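**Student:** Residue strings, one per chain:
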Amino acid sequence: KQEVTQIPAALSVPEGENLVLNCSFTDSAIYNLQWFRQDPGKGLTSLLLIQSSQREQTSGRLNASLDKSSGRSTLYIAASQPGDSATYLCAVGTPGSYQLTFGKGTKLSVIP
Amino acid sequence: DTAVSQTPKYLVTQMGNDKSIKCEQNLGHDTMYWYKQDSKKFLKIMFSYNNKELIINETVPNRFSPKSPDKAHLNLHINSLELGDSAVYFCASSQGSLLRNTIYFGEGSWLTVV
Chain P
1 KQEVTQIPAA LSVPEGENLV LNCSFTDSAI YNLQWFRQDP GKGLTSLLLI QSSQREQTSG
61 RLNASLDKSS GRSTLYIAAS QPGDSATYLC AVGTPGSYQL TFGKGTKLSV IP
Chain A
1 DTAVSQTPKY LVTQMGNDKS IKCEQNLGHD TMYWYKQDSK KFLKIMFSYN NKELIINETV
61 PNRFSPKSPD KAHLNLHINS LELGDSAVYF CASSQGSLLR NTIYFGEGSW LTVV
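Quick note, the sequences are listed as chains P and A, same order. Numbering (this note's numbering) for the first sequence: 1 to 112. Numbering (this note's numbering) for the second sequence: 1 to 114.
Just so you know, these hints were derived from the structure itself, not from any lab. Computed from a predicted model, the values in this text were never measured in an experiment. Mixed in with the good hints, there may be bad ones.
What the hints assert, rightly or not - A few chain P residues that don't get close to chain A, going by computed Cβ distances all over 10 Å:
1. V13
2. G16
3. S46
4. S69
Unchecked claim - Estimated spans, in silico, between C-beta atoms of each pair:
5. V114/A - E17/P: 35 to 45 Å
6. L27/A - Q51/P: 18 to 28 Å
7. V20/P - D38/A: 25 to 35 Å
Note that beta-carbon positions come from the ideal geometry of N, C-alpha and C, so glycine has one too.
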């Protein structure tokens, strides 16, 4: 059974810092991996989708990498801003393709 | 224009009651989902429908019954509510499988059972 772990559970950084969020998964037989952002009282917004054949994806200040063999992904946020404060969740697409397995998320606080 | 909308956003009800949460998507997607996020923040799939047919039914008490009247709607009905049902319920949709397509979430329905 696929399990997804995100470390750390919470992270606080000063504005302007570059930071890395980590995600690991137990079963490397994945179709894809997605990073989401969840704001308090809101739903999830998809940030980046990496297919299993890809190594990374970039969108603006965000860069997500995938190392399927080691069961790891990282989300790199450059020049962090207070508006980046949110919970970031990692999810993997499992065989069957109709469901995602989520981690618990990393709560990021960017201090002005 | 909200892509995935669910109502109500907040619901407080007593144990033993029956309640429904409605979900609608205007993205033209053919697959819809219900996820539950518990107090520990774990987000878990409950149900998935593709073209109105149930394709995923995780280990969920049979007090929970999804209903999909058409591809754009997936409602969740809960009978005999229990304290442990208190959680945030998210509706979501995607086009086809999640093999290559991203998933869109609603803003959640906060259910509190007292």
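**Student:** Next step is simple, just say for each hint if it's right about the structure.
**Tutor:** Quick rundown of the hints versus the structure:
1. V13: With a cut-off of 10 Å, V13/P remains clear of chain A, as the shortest Cβ separation is near 20 Å.
2. G16: 28 Å, holds
3. S46: 4 Å, violated
4. S69: At about 20 Å from chain A, S69/P clears the 10 Å cut-off, so the statement holds.
5. V114/A - E17/P: 35 to 45 Å: 43 Å, holds
6. L27/A - Q51/P: 18 to 28 Å: Taking Cβ atoms as reference, L27/A and Q51/P lie about 21 Å apart, which means the hint holds.
7. V20/P - D38/A: 25 to 35 Å: 27 Å, holds
Going down the numbered hints, you'll see the structure goes against just number 3.
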